[in-house]
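Go by the hints and put chain B onto chain A.
There are 2 protein chains.
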Amino acid sequence: MTIEKALVVGTGLIGTSAALSLREKGVTVHLTDIDEDAVRVARELGAGREWTGEDVDLAVIAVPPHLVGERLAALQKQGAARAYTDVASVKAGPIADAERLGCDLISYVPGHPLAGRERSGPAAARAGLFAGRPWALCPGNETAAEALRLTRELVSLCGAEAVTVGAAEHDSAVALVSHAPHVAASAVAASLEDGEDVALRLAGQGLRDVTRIAAGNPLLWRKILAGNALPVAAVLDRIAADLAAAASALRAGDLDDVTDLLRRGVDGHGRIPAAPAGRPVAG
Amino acid sequence: MTIEKALVVGTGLIGTSAALSLREKGVTVHLTDIDEDAVRVARELGAGREWTGEDVDLAVIAVPPHLVGERLAALQKQGAARAYTDVASVKAGPIADAERLGCDLISYVPGHPLAGRERSGPAAARAGLFAGRPWALCPGNETAAEALRLTRELVSLCGAEAVTVGAAEHDSAVALVSHAPHVAASAVAASLEDGEDVALRLAGQGLRDVTRIAAGNPLLWRKILAGNALPVAAVLDRIAADLAAAASALRAGDLDDVTDLLRRGVDGHGRIPAAPAGRPVAG
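In order, the protein sequence lines correspond to chains A and B. According to the UniProt record's numbering, the stretch in the first sequence is residues 1 to 283, in order. According to the UniProt record's numbering, the stretch in the second sequence is residues 1 to 283, in order.
Simulated from the structure, these hints should not be mistaken for laboratory data. The beta carbon of each residue, even a glycine, is placed where N, CA and C say it ideally should be. Accuracy of the hints is not assured; some may be wrong.
Partial list, computed: chain A residues near chain B (C-beta under 7 Å) [said to hold, decoys possible]:
{"hint": "1", "residue": "VAL165"}
{"hint": "2", "residue": "VAL183"}
{"hint": "3", "residue": "ALA214"}
{"hint": "4", "residue": "VAL258"}
Stretch by stretch, here's where chain A covers chain B in the computed footprint (C-beta under 8 Å, at least three residues) [claimed, not checked]:
{"hint": "5", "segment": "127-139"}
{"hint": "6", "segment": "198-206"}
{"hint": "7", "segment": "213-225"}
This is chain A alone, in the form it adopts within the complex:
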């Protein structure tokens, strides 16, 4: 048995991109969103047809993290799908919500595709968004093998690589590799706000790269950070302490300490896996 019919709940960037990926593989995709315009745009892009309550094999819940639990509860009450997954960028909170709301955890596989763009909404969606990207799956003890199998099939149909990881471990991980770097990029970009015009004329590709993700939607990122506040704060404290120490060392003329930070940066950078081949650099 395989995914023949899927439901995408929330036709923003991620939901619509998943729908487009599934459509390319011949899956029947139903779409729903509280925003009628978003569904219309997704339909016009060929992402699927409007959902009118049909049963599906897998429901992909692509709504903001704080709404995942209640959408899951509602869909399960309808018996909409045989298995459910979500795409929220944090996992402990949505899982806690699902438990609190009495959701069936057997058919739910918490997920998170590590993909995105600076633009949001269905018009920015594309089928290749997940190609070669990691897609975290956080099954719990209760999760049924069949639900996990269906969700892995979704990941595979989207061209992504499944990475199985515990929910708490996931949230610490994305704090380290995504959420804290986003805030750090924002702080570097914020320092430019009052810079002299001539300074900005001297900007080069290095600055563009460091600050690229700082162009992301502040309200979307507010929600992401709110859902992962403590792990992100822990990483930010370490980065802030390193930068404050570097400033002090520069003032004192103690370049050894600064050089040590630069060396640690080279080592840390070396741990990042190379980009998947053929992926456009700036998504």
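Positioned in the frame of chain A, the structure of chain B alone reads:
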């Protein structure tokens, strides 16, 4: 009168790239470096011939910042060129050295092409390195018009855009748009050093972009930061304070403060000029 013969002193990445650019335009280029291997590699790349004391129109001093003054003094003593420029990434220090060593400031135009790569050395050089990039020129009150004209011609032959700016203003500017962002990228990358393997498996393009420049040579950057310590420290203090405040706000659940930083980041990012067309994104 135009540049017919040039001398490149220091055949590293920048010097050799300038030499290759001048060669493409038919300029006769002489090369010298204290490292004989570096000159040999540059020659084999077609960057020019070894210098044996010939007079030239313009000497391009492409040595580390703390050596610019003494090389300028030595070249002027020989009467090697009609005009001299350097490419050091800081300007106040080399100019002070030149004054202290009694250099002729009439024929010297302090310069700084805003271009680079993570790799260093002549083997990483390429003629197109400066295409479309800003190239800061910091002439002083004494600078002769003819020296400035020759240096502007160098910039033009390299395909770069001259930006005239005072030396102190230049150093504050590059602290803001280059040196402090480099240290910030290093601090983000350093935070990955002890991360879990699974966390690094979840890394995406955003993290790659934020940390790309952290791969730069620590000893080269040590010298750059040493030559611009106080302006860099001032910017780093502001970034560190913003990140520490963001961490506190996240712990307190005060998302408004964090959202304000994200918004300031969007505004600051919006001030960066777009990349020149056709330039490869990751140099």
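Taking the hints in turn, this is what the structure says about them:
1. Taken as an interface hint, VAL165 (chain A) checks out: its beta carbon lies about 5 Å from the nearest beta carbon of chain B, inside 7 Å.
2. Here the hint on VAL183 (chain A) is kept, as its CB sits about 5 Å from the closest CB of chain B, short of 7 Å.
3. Checking ALA214 (chain A) against chain B: minimum C-beta separation of about 4 Å stays under 7 Å; hint holds.
4. Interface restraint check for VAL258 (chain A): the shortest CB-CB distance to chain B comes to about 6 Å, inside 7 Å, so the restraint holds.
5. For the segment 127-139 of chain B, the assignment as covered by chain A holds, since 3 residues bring a beta-carbon within under 8 Å of that chain's beta-carbons and 3 suffice.
6. Residue count for the segment 198-206 of chain B with a Cβ under 8 Å from a Cβ of chain A: 9. That meets the three needed, and the coverage hint holds.
7. Only residues whose C-beta sits within less than 8 Å of a C-beta in chain A count toward coverage, and the segment 213-225 of chain B has 9 of them, enough to reach three; the restraint holds.
Consistency note: the structure conflicts with none of the earlier hints.
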